[in-house]
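Undergrad: Using the sequences provided together with the hints, build the complete structure.
One letter stands for each residue in the lines below.
There are 4 protein chains.
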Amino acid sequence: ILKRLNAGEVIVGDGGYVMQLERRGYVKAGHWTPEAAVEHPEAVRQLHREFLRAGANVIQTFTFYCSEDKLEISGNVPNITGAQINEAACDLAREVANEGGALVAGCVSKTPCYVTSHSETEVKAIFKKQMDDFLKKDIDFFIVEFVDHVEEAVWAVEVLKTSGKTVGATLCISPHGDMKGVPPGECAVRLVKAGADIVGINCHLDPMTCVRTVKLMKEGLEKAGLKAHLMVQPLGFHTPECNLGGYTSLPEYPFAMETRAITRWDIHEYAREAYNAGIRYIGGCCGFEAYHIRAIAEELAAERGFLPPASEKHGLWGAALEMHTKPWVRARARREYWENLLPASGRPKCPSMAPPADNYGK
Amino acid sequence: ILKRLNAGEVIVGDGGYVMQLERRGYVKAGHWTPEAAVEHPEAVRQLHREFLRAGANVIQTFTFYCSEDKLEISGNVPNITGAQINEAACDLAREVANEGGALVAGCVSKTPCYVTSHSETEVKAIFKKQMDDFLKKDIDFFIVEFVDHVEEAVWAVEVLKTSGKTVGATLCISPHGDMKGVPPGECAVRLVKAGADIVGINCHLDPMTCVRTVKLMKEGLEKAGLKAHLMVQPLGFHTPECNLGGYTSLPEYPFAMETRAITRWDIHEYAREAYNAGIRYIGGCCGFEAYHIRAIAEELAAERGFLPPASEKHGLWGAALEMHTKPWVRARARREYWENLLPASGRPKCPSMAPPADNYGK
Amino acid sequence: ILKRLNAGEVIVGDGGYVMQLERRGYVKAGHWTPEAAVEHPEAVRQLHREFLRAGANVIQTFTFYCSEDKLEISGNVPNITGAQINEAACDLAREVANEGGALVAGCVSKTPCYVTSHSETEVKAIFKKQMDDFLKKDIDFFIVEFVDHVEEAVWAVEVLKTSGKTVGATLCISPHGDMKGVPPGECAVRLVKAGADIVGINCHLDPMTCVRTVKLMKEGLEKAGLKAHLMVQPLGFHTPECNLGGYTSLPEYPFAMETRAITRWDIHEYAREAYNAGIRYIGGCCGFEAYHIRAIAEELAAERGFLPPASEKHGLWGAALEMHTKPWVRARARREYWENLLPASGRPKCPSMAPPADNYGK
Amino acid sequence: ILKRLNAGEVIVGDGGYVMQLERRGYVKAGHWTPEAAVEHPEAVRQLHREFLRAGANVIQTFTFYCSEDKLEISGNVPNITGAQINEAACDLAREVANEGGALVAGCVSKTPCYVTSHSETEVKAIFKKQMDDFLKKDIDFFIVEFVDHVEEAVWAVEVLKTSGKTVGATLCISPHGDMKGVPPGECAVRLVKAGADIVGINCHLDPMTCVRTVKLMKEGLEKAGLKAHLMVQPLGFHTPECNLGGYTSLPEYPFAMETRAITRWDIHEYAREAYNAGIRYIGGCCGFEAYHIRAIAEELAAERGFLPPASEKHGLWGAALEMHTKPWVRARARREYWENLLPASGRPKCPSMAPPADNYGK
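Chains as they are written, first to last, in the UniProt record's numbering: chain A, 1 to 362; chain B, 1 to 362; chain C, 1 to 362; chain D, 1 to 362.
Heads up, some of the hints might be wrong.
Same chains, same label: a pair holds when it works inside one copy or across any pair of copies.
[Claimed, not checked] DSS-like cross-link-like pairs, simulated, lysine-lysine; straight-line CA separation at most 30 Å: (1) K124 to K326; (2) K161 to K124; (3) K180 to K223; (4) K129 to K326; (5) K3 to K137; (6) K129 to K165; (7) K180 to K193; (8) K161 to K129; (9) K193 to K129; (10) K128 to K326; (11) K165 to K128; (12) K326 to K180; (13) K3 to K161; (14) K227 to K193; (15) K128 to K3; (16) K136 to K3.
The set of hints was computed from the structure by calculation and includes no laboratory data.
TA: Structure, rendered in structure tokens:
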């Protein structure tokens with residue numbers, strides 16, 4: 001990954017797994033654990049393939065919340081071990097990645113243990129165990145993601161760096177900083193000092209907000225005279241009301257988020273903004289489906305020099321509508337139309353904004 | 001299918017294929033043809049499986065717009081024939097249906113030929129050809145769907161009945177009637193007289209509107225002293241502004257429909273309403289994903305006596321949120337919360353309704 | 001009035017009194033009685049003057065709900081009699097009308113007695129008493145308004161015609177008909193047969209809906225071979241959700257109607273539509289302020305040949321903004337800008353439509 | 001005024017004049033000059049009376065934009081001098097104030113001269129001339145208002161203090177500071193050092209935002225060890241999108257602001273918030289009608305010990321609806337109903353927020 005980033009390549013990430021597989025019937029909301037890698041490998045494999053086909057250069061292992069402590073609390077799959085899931089997930093990611101020259105990233109996320117014990121020893125032991133599972137398999141680099149305390153992310157980076165592999169680290173924080181108020185710039189500095197090769201933001205907030213936070217990280221690194229690659233994998237939902245707590249504080253979370261879903265045209269704007277901000281690893285998190293990933297690859301096709309496989313089934317900016325039978329739909333086969341459309345919700349009795357349930361930002 | 005319906009069973013249909021596979025990267029919007037059955041069988045198979053797992057009792061063949069005339073106009077896949085697609089689609093549907101005791105329905109939809117030639121002979125020849133493809137394979141019954149002129153649907157039914165198999169027929173019309181103004185009640189009468197065993201509505205409009213149209217069909221049949229089973233497979237989008245033209249007239253069609261997507265809770269209301277209206281074949285069309293189908297099966301679990309396999313990954317009415325870490329999310333683990341939620345769009349600069357582009361209803 | 005209407009003149013009506021004087025502190029919501037004509041004549045006089053200055057050709061007496069039975073039930077002003085109010089109101093209307101060559105219309109509205117007693121004798125006695133008060137003073141013609149049962153309006157017309165004066169009659173009904181379901185066309189026929197010289201609609205629904213109802217009245221009269229002048233005095237609020245019950249069924253009635261208020265640009269559209277429908281007496285009811293009346297006069301200035309006095313303080317279509325200090329405000333000094341503006345509510349947590357509280361239309 | 005404020009009295013201000021008189025037909029939008037004081041004294045007198053009756057303890061002279069330079073640029077009334085208007089306005093304010101024991105405030109606002117010449121001498125000469133007009137008449141104190149550069153406000157205060165009278169000074173700025181970025185706290189300090197006895201905010205932004213800005217002023221004064229009374233007279237419109245430029249940057253300004261109008265219930269919340277912030281002079285600006293002023297007086301009735309005259313025509317929290325004929329309207333005769341109502345706009349094709357036209361805040 002570093003070789004490609006150092007060469008100036010734009011890396012397209014993949015999309016979100018748990019919320020999409022929840023909708024497909026393989027993940028349980030509230031638990032959000034990835035036992036489907038063992039129980040229904042064909043479902044995970046297919047989703048990997050969709051992202052690959054859409055242009056993803058990295059396939060992340062489907063190992064979200066797959067630390068032993070989380071699985072135990074969840075109690076969802078008593079007869080499947082974390083090691084089984086981690087190893088199966090590595091195999092699936094590798095199988096699909098190899099179909100298209102993509103890289104495999106082994107992913108670790110925040111542990112319940114951090115908040116309850118706050119013990120560096122215990123938390124690091126958990127990360128170490130998960131890393132060891134990954135190292136039995138063939139992965140290319142690590143991603144630490146969905147961590148909202150920079151301290152825990154630093155611990156994860158420190159553990160993972162002992163493997164000698166490249167490590168990316170993305171926090172799920174807002175422009176206001178992590179859950180203890182550490183500003184994004186300082187978070188970035190701490191992560192890079194801990195050994196992270198790539199830093200950035202994932203999940204919790206909408207694309208433009210996440211890009212804004214990564215910019216703050218970049219400024220922090222520049223002030224500190226440090227260098228790192230930047231990555232961003234935001235939510236695929238509009239979350240203008242959110243503060244520190246992110247989208248879990250919205251009244252619609254997690255079962256009525258449909259209306260907030262971003263369109264492919266929102267993605268064009270996001271991908272351009274991320275690129276202009278100097279971010280070179282651009283993907284998505286919850287809410288990002290294959291067509292969103294394709295939209296990243298299409299927006300940056302000129303810079304990257306090629307279109308993804310899935311673009312054979314997509315007219316750029318709606319071009320394929322030219323053959324529609326209705327004249328008013330044919331009139332939509334152009335960029336201006338979609339760029340300027342303000343999509344209606346179809347729900348006149350619903351508001352456009354909702355008060356977050358948390359008090360973090362107040 | 002008739003045996004099960006006659007026995008009073010509630011049949012859960014499957015969801016939408018073309019729009020979902022467009023998002024996954026396998027179908028081209030504007031063309032909407034089903035060559036993926038040949039090109040990417042694993043993608044079609046996986047979507048079939050999601051619907052089966054969600055509770056579908058019928059797997060429809062992925063053969064939308066798969067008439068020779070439509071494929072030719074579309075020009076999308078010059079080296080794949082309609083017969084190849086139809087046969088591959090039958091095999092895929094059968095394979096997955098057999099995994100869960102479901103039935104296979106061979107599906108035909110409206111032909112471009114009807115509007116251009118208006119020739120009964122030509123249109124019937126097209127339907128005959130597609131039927132013959134299906135009859136080479138093992139299907140259980142036929143569904144005529146997405147036809148907006150009752151006359152064309154009658155022709156299709158007449159052709160398909162020559163096979164000796166059960167035929168269901170769903171029009172994509174509004175409560176105002178078909179494109180020539182034939183009211184739903186009269187449409188139903190004509191279809192039943194032509195031989196349809198099951199009649200109803202699919203696509204074009206939102207769930208509650210489609211149920212309303214089926215009710216008008218039922219009234220028409222009762223007045224005429226006719227009997228037939230009823231089915232409904234509506235859009236998974238809110239379309240309060242639409243008139244005769246249906247959702248293709250909305251400014252958001254087809255690439256910015258996200259915000260109109262229905263939630264699983266909307267489905268509960270719809271499934272109950274459809275059941276109360278006496279409809280016993282209840283499914284979905286464009287916009288219906290696996291979790292929407294599961295919601296039908298969950299709403300009618302008491303009537304049917306069981307839950308679908310995918311419910312093992314779903315707490316009813318959000319019950320699994322009880323184990324969430326945030327207290328305000330745990331507070332959402334109850335029916336009242338989700339039933340009464342008015343989801344915000346997160347788009348304060350967007351309106352809630354948009355004027356349809358057509359003039360049909362004026 | 002008849003002479004002017006027969007000559008083809010477009011008569012501009014005045015606006016709403018009770019809701020406006022409630023906001024100014026002189027009328028009590030819930031009671032809505034017009035004792036201010038006695039208690040605060042300067043406030044009533046000033047509002048009359050604003051309408052006159054805005055272009056009104058008719059000044060209606062401020063005698064809404066001023067029947068003896070209503071005043072008694074209301075209990076609001078025990079020491080002021082209906083006769084006192086009626087006479088004071090006539091004097092005020094006459095005084096201001098004479099300042100600008102306008103006509104005075106003596107107004108009667110629905111009586112509580114109609115619903116409770118349903119006695120033709122009693123209801124007619126009440127109208128007779130109020131008419132006698134008016135006849136002591138100098139009024140030009142009568143208007144029956146805000147009646148939702150055509151039968152009661154017919155009784156009122158029959159009484160008032162005994163005076164020998166011209167009578168206009170406006171019902172507060174929807175396109176679906178009066179409270180007993182009598183359709184607008186039949187209502188119009190009954191009123192004209194009872195002697196009404198002018199018929200139409202006032203209050204309860206928004207401008208475009210009221211024009212639609214008057215069109216139905218016109219069609220009814222034409223089918224019956226009858227002739228009458230048409231008038232319309234709608235609400236100054238957007239009420240897209242309303243059915244038979246009108247705006248009192250909206251959750252916002254009466255103390256949060258602000259956000260539904262129509263703009264002057266909405267009025268241009270309404271005045272043109274009313275004129276095109278053949279309506280020649282065009283005014284307003286609750287929610288119509290002086291600037292709305294001025295907008296009627298401005299939209300129809302070419303047809304009428306002159307502008308009202310208040311237009312000296314108004315640039316047509318925003319023309320006077322040309323001298324604003326901000327360039328972006330100067331850019332609004334043109335018709336296209338205001339005609340196409342979709343005004344934002346500034347309330348992102350509020351919906352755009354609300355369910356009516358009544359069940360009339362279901 | 002100082003005696004009353006020092007004694008701890010809560011002073012209720014009056015509402016907005018120019019926008020309200022524009023709607024009534026006496027002020028020209030774009031010019032916004034107060035020649036009506038000479039041309040139509042009865043209209044100004046009546047509006048003064050409505051505010052007095054609603055509970056205002058201060059009647060402001062209707063002298064907005066009444067400096068010689070502004071009148072000249074406006075060119076609206078070539079044959080009426082500024083002195084004539086100023087003197088007529090003082091007489092009108094005094095006449096009405098005396099009807100109810102209110103005070104008269106002579107008001108000066110920002111001058112075009114400040115931006116064009118930036119000359120302290122010239123600007124002060126203009127303020128001096130207007131002050132001299134006022135001093136020929138009987139006024140109680142001065143208010144400097146609607147100034148967006150603190151420097152100009154300081155000059156005005158310095159001039160007006162030479163009269164020996166009390167001076168209040170309100171800026172039309174946002175929490176981000178004045179047009180040159182001077183923060184509210186520092187603005188307050190400068191004004192008090194210049195001699196202002198009362199400082200605060202008026203116009204440009206919605207009530208809660210203005211209270212927030214006054215709080216920042218208060219903090220600034222406390223840090224500087226200074227003391228002054230606080231006042232606030234905000235817009236009567238919701239302006240959540242606005243930044244430095246205030247409401248003139250909204251697309252709806254000035255002719256489609258209806259939908260943003262605040263309700264009387266919004267005022268209750270505002271008045272309480274202002275009171276809790278220690279503000280003791282609480283009134284309104286553009287968009288505040290008599291019933292909004294009454295709502296201030298009603299919310300603070302317990303603290304002040306009495307209700308205003310206009311409350312005789314108002315049931316507190318909708319109490320008078322108890323006698324309405326419809327049961328669902330009677331059910332609204334309670335505080336909880338109105339406090340929790342989220343009023344619908346009745347405009348489903350309109351958005352809830354609009355992008356400001358200026359770039360000040362970016």
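Undergrad: Each hint should be assessed against the structure and marked as holding or not.
TA: A quick look at each hint next to the structure:
In this homomeric assembly, K124 and K326 come within 30 Å of each other (Cα to Cα) only across copies, at 24 Å, whereas the closest approach inside a single copy is 60 Å. For the identical chains of this complex, K161 and K124 are intra-copy neighbours only, at 12 Å inside a copy versus 68 Å across copies, given an alpha-carbon limit of 30 Å. Proximity of K180 and K223 under a CA criterion of 30 Å is satisfied in both settings, with 22 Å inside one chain copy and 28 Å between copies. In this homomeric assembly, K129 and K326 come within 30 Å of each other (Cα to Cα) only across copies, at 27 Å, whereas the closest approach inside a single copy is 58 Å.
Taking the shortest Cα distances, K3 and K137 sit within 30 Å of each other inside one copy (21 Å), while across copies they are farther apart (52 Å). Taking identical chains as interchangeable, the C-alpha atoms of K129 and K165 lie at most 30 Å apart only when both belong to the same chain, with a minimum of 16 Å there against 59 Å between chains. Taking CA atoms no more than 30 Å apart as the test, K180 paired with K193 passes inside one copy only; the shortest distance there is 19 Å, against 40 Å between copies. Taking the shortest Cα distances, K161 and K129 sit within 30 Å of each other inside one copy (14 Å), while across copies they are farther apart (63 Å).
Taking identical chains as interchangeable, the C-alpha atoms of K193 and K129 lie at most 30 Å apart only when both belong to the same chain, with a minimum of 23 Å there against 66 Å between chains. Taking the closest pair of Cα atoms, K128 and K326 come within 30 Å of each other only across two copies (27 Å); inside a single copy the shortest separation is 59 Å, beyond that limit. For the identical chains of this complex, K165 and K128 are intra-copy neighbours only, at 14 Å inside a copy versus 61 Å across copies, given an alpha-carbon limit of 30 Å. For a Cα distance limit of 30 Å, the shortest separation of K326 from K180 across copies, 17 Å, qualifies, whereas the shortest one inside one copy, 55 Å, does not.
With identical chains, the CA atoms of K3 and K161 are at most 30 Å apart within one copy only, with a shortest distance of 17 Å there and 64 Å across copies. In this homomeric assembly, K227 and K193 come within 30 Å of each other (Cα to Cα) only inside a single copy, at 10 Å, whereas the closest approach across copies is 49 Å. For a Cα distance limit of 30 Å, the shortest separation of K128 from K3 inside one copy, 26 Å, qualifies, whereas the shortest one across copies, 58 Å, does not. In this assembly of identical chains, K136 and K3 lie within 30 Å of each other by CA distance solely inside one copy; the values are 23 Å within and 54 Å between copies.
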